[in-house]
Every structure is written in structure tokens, then in C-alpha cells.
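*Asks:* Heads up: the sequence shown is residues 1 to 345, going by full-length UniProt numbering.
Careful: at least some of the hints might be erroneous.
What the hints assert, rightly or not - DMTMM-like cross-link-like pairs, simulated, lysine to aspartate or glutamate; straight-line CA separation at most 25 Å: (1) K155 x D254; (2) K98 x D73; (3) K301 x D251.
Don't read these hints as lab results, they were simulated from the structure.
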Amino acid sequence: MWRSSAVLLLVFPLLLVSLGNCSDTTEKDVVIRVIPTNLIQLKYLQSLQLQHVEIESFLLEKSQEYEFVDLIDFGDSYEGRNLWDLRINKPNPNGSQKNVFWLDANIHAREWITSAVATWIINELLTNSDLNDVIEQWDIHINPILNPDGLQYTKTEDRLWRKTRSPNSESSCIGADANRNWDYSFGGPGSSDNPCSNYYHGSRAFSEPETAAASEYISNLTQQPDMYLALHSFSQFVLTPWGDSYEHPEDYEDLMNIALRGEAEIERVGGGYWESGIVSELLHMGSGGARDWAKGIQGIKYAFTFELRDRGEYGFLLPAEQIIPAAQETLAGILAMLNAYLAAS
């Protein structure tokens, strides 16, 4: 276990050959590595890929470095990898009850940018003194990798793999779409009952240990989140429920007031074009998703998805130079939405 009072964020290009849907050799995939300062003197690293175990090391380091950071193991993946909640809960000097924010990422294996951004956000919240008010006002839960088995598979076998890695009893096809596996409108439009489909919803709601563990953990939090956000890629959208119909939520205006604040700040910081609205109108149908479960089952009023960079030029294979800008604009959008929530409360 390494320890350090500071870290350096390094971005490396990574040469990969996809073994799945894309046969072209590409140099567009990237990983972000958090390096302890006592290792900076190394001329090079053995691996350019950020593995699940390395993210675990980073999370453990932060939980040991800051007394107000807790690292909770809330379950295991099918292949036995830990599912982590890094909780940032700095005491509020006023002693008032804090609001709760939940963020998760990498529920779809190939969306590497999401866990890179989540990891960067953790580091920024803990090391940027300008954000001290944020971590005093909010009890923040961050799960940077919700599908660790799938993510690992993209590192070693198929760069564009999307699903989990659990077997299906009646098919040789592996895995389920973990974002179609929740018990809100399970099996509805935008999901598939074909185990070989990228959108296979699983044999039943919460058939996947990852979604079962996450749902149970969130449900049992002492205080339910005031805002839920899932990081996905790509398309540059701020999305609201619902994924199973074109119907707008009853509080759609309230949701959009928050979403548009985030959208505007993302565009200001990053310079790109974003859109906000319900997922079924802007992107596609997608029943059984985590965001809709958060709102429809858990009653979390403000439940959103960010579809991160870009709008399709690179898709899942962002070039290295876009990692940090993507993280910066994402955090800016989140902060704007949290502030808008407080202003409206």
C-alpha cells in the first residue's frame, strides 16, 4: 500500500486492438493513472492500463489519508471483485444536517472515461481547497466502478464489451446489461430477452450481483440521496427519467431547472454543445435502468444521467488529451447542479 501527501495525474495514450465489434487498431483509447508522488521518479510504469486493483489502491489511500473519508465494501461482483463506495463526509461546521449526493460510473464496461472522471473528481474534491464548502455541505458517495468484471474484460479481451460477465444458464452468451437489470419497468422497451444482445436485461431484476448489491446498499443508507447521478458515455447529454416511455415526469420542470444549470456550466467550462431532456426523447428507450429506479422506486426526486464526451467522433475511444477536460467540465456541471438544488431548497 502506498501513501503520499500529494498525487500527480498522468495521462497515457494506449495502443489497443479491439477483439470485439471493432477490428481496427486504434491509438484513441486512454487511461488515467493516479501516481503517488514518491513514485514520480520512476522512468516508466509496467502497465499503461488502470486496473481495478489500482483504483482500489487509490481509494484505500484516500480513505487512510483523510479522517472524514470512509471506504465501504458493499458487495462483490460475479468474479469476486469488490464494489466500493468512497464516502466523503466532512463535518459541517454549523452542525446542520447535510444533503446527500450519490455518483456511480462504469456500469457499462467499455465506458472507460466514466471511471477516469469519477476518480479525478474524488481527487479534486479532496485536494482543492476551493471545494471545501462543497464537502462540508454534502455527504458524497462515489462508486467509480459498478461493473468491475466487465471493465477488466475490456482491458484484456474485448475493448467494446458492454455487459457484466456472469453466465446465462440457457445460453452460451455471457453477461447482462447492468443498466437494464433494475426493478423499475424491468423487461420493458429498450431492453432484450435475448442473452446474446447487448441490451439483455438478465433472467430477472437484480439477477446480477453488482446491481443487487448496489440497490440494497443505496436502499439501506441512513439518509437517502437528495440527488443521484450516473456517469455514462457518450453523447453529451444531461438526461432525466423516464427510459421506458416518452412520458415526462410530473416534476419535469423542477428536474430541467437543475439539469439546465448543469448543462450551461459544462458548456461554459468545456466549450462543447450539450442537451438536456428525458432519455427516451434525446437518446433511446432503456427500461430497467438505475436512474429510473432511483427516482421511481427509491423516490430520489433529482435523478440524472450524464452522457459524457463526445458526440460521436471518437465515441468510446476518446483521445488522451480529452480526459482532463472531460473531468473538469463534468465536475463543473455537478457543482452547478448541487448549488441549484441548495438554492431551490
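*Asks:* Against this structure, judge whether each hint is valid.
*Replies:* Consistency of the hints with the structure:
1. K155 x D254: violated, 40 Å
2. K98 x D73: holds, 23 Å
3. K301 x D251: Holds: K301 and D251 sit about 8 Å apart, inside 25 Å.
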